[in-house]
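J.: With the hints as constraints, model all of the structure from the sequences given.
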Amino acid sequence: MNVLVNAYNPTIYELSLRPWLYELTNKYGKKISKLNDIPMEEFQNLKNIGVDYVWLMGIWQLGKYGLDFDKAHANDYKSNLPDFTIDDVIGSPYAITEFVCNSELGTDQDIINLRKKLNDMGLKLMLDFVPNHSAIDSPYRTSHIDYYIRAPPNTPKPYDSEYYLPDGVSYGGDQWDGFWKDTAQWNYWNQDTRNYLKSVVKKIASMSDGMRCDMAMVILNDLFYNKWKPQLDAWGYKRPSTEFWSEAIKETKQQYPNVIFLAEVYWGKEQDLINLGFDYVYEKWLLDQQATLDVGKVRPILSNLNLNYASHSNHFVENHDEPRAIKKFSGKDYISCVAALMSYSIPGARFINHGQLEGLSNKLDVHLRRSYKENGSTYVKQFYGKILTILKKDVFKSGNWTQLNVTGDQYWKFFAFRWTNATDKIVVIINFSEGSGYGLVKLSDASSGQQTITELMSGQTYVRNGDDMRNNGLGVIVDGWNAQIFKYF
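Note that numbering that gives the first Met the number 0 gives residue 468 to position 469 of the sequence shown, counting from 1, and the numbers run on in steps of one.
Possibly wrong hints are sitting among the right ones.
[Stated by the list, open to error] Restricting the straight-line Cα-Cα distance to at most 20 Å, the calculated cross-link-like pairs of lysine to aspartate or glutamate (EDC-like) are:
id	residue 1	residue 2
1	Lys-362	Asp-423
2	Lys-180	Asp-159
3	Lys-123	Asp-278
[What the hints assert, rightly or not] Just the calculated beta-carbon pair ranges, DEER-fashion:
id	residue 1	residue 2	range
4	Gly-177	Gln-459	53 to 63 Å
5	Gln-254	Ser-78	12 to 22 Å
6	Asp-36	Tyr-410	23 to 33 Å
7	Asp-293	Gly-407	14 to 24 Å
8	Gly-458	Asn-220	52 to 62 Å
Think of the hints as simulated: they come from the structure by calculation, not from any bench.
Beta carbons: idealized from backbone N, C-alpha and C, even for Gly.
T.: So this is what it looks like as structure tokens:
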């Protein structure tokens, strides 16, 4: 039996900032383009559904090069936005010239002021840190060219434009995805580069309550050397004695102890980043197994759940990089919902993407200000309306978690998770398969005697005997791809 006591399980809500402002402009019938223009009731609505951190994705300064680059590749966006126009292109938020507020949105002081307003209403602000690269037209590329990976000194000119800019600076990239030609690659084996980027991390921490670190694993020393060995060796750079993240996180938390670090991470490097100090890391493996719709592939993950790992995981069914959850789950909105409830019912951060709660199917490309218009899914809206009211309870934020066994001939259909604190006892029972099923869940902490239990999603009450729930189990019949959540005493 897996048990976890008093971990903190925040809800993080990603807002694609500039597209969100475009939505708000249409919603309110007036131009909303600055941080100062945002009606605070929009944030209050997020607070009301249990959100703890609001991640305003895409707040930093961008350059003309990236915007022109994206406009030159306009045909790439028509698959996501059939009625695309060139005005819809807003430039990648991951091609940052400087870590100062995008002048179209406001100033650094506006970010600081917004954070205070959010904090006053009980919300926290999360911002981006993009560690791997800068925009092509970052001022640092001319003022500090040695901060970047460059072609080996003996490379004949002109440099190969597949890999290098005309001055020999390399495009940004990683060992699997090739090169991103709207970016320039930082050199993490140059201590001066490290020092500068550590100062950026501390600046972001001074203005926020957390930061989401893009593709955080690509700057790990081993992976970085695998990608950039010829350039690093040719310039005589030596492997750093420590990882950038261990330095940056330790130094930052000495000044800002309450700031949290969230890593976008893949390639089996999740635990490495936890060990280096990240509070939460992306956990994509569970999602990918859920998406097979095979309960037999999900069960080994949850049956062998490492609680330290889980409590540092960021659980999601979609984000701006992934397909929409409904698309991920073969167009079946009801399966995307029960998968989300499963992910949100285990320890760790609970991640919600812009548009997820509306049941949108059309992806919002990060280069664009809008996705293709749709009504969304009524089922999804109603489902999240129910479960978020439940998940915002303190017991799900910082209670004690236990995974329970389900018995009976159809046990294989089910997962059961118990959350308890001083005031609540709640059990979540999920049928992750086709067809209804019957199972028994023993509740070892049920009080003796008759009691009224409540199924929280429907509000329906039942009278059950606590001794029977302890000794034989609570019997449940749950429809396929569905769940029941019981409060008991």
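J.: Of the hints stated earlier, which fail here?
T.: Hints 1, 5 and 6 not satisfied by this model.
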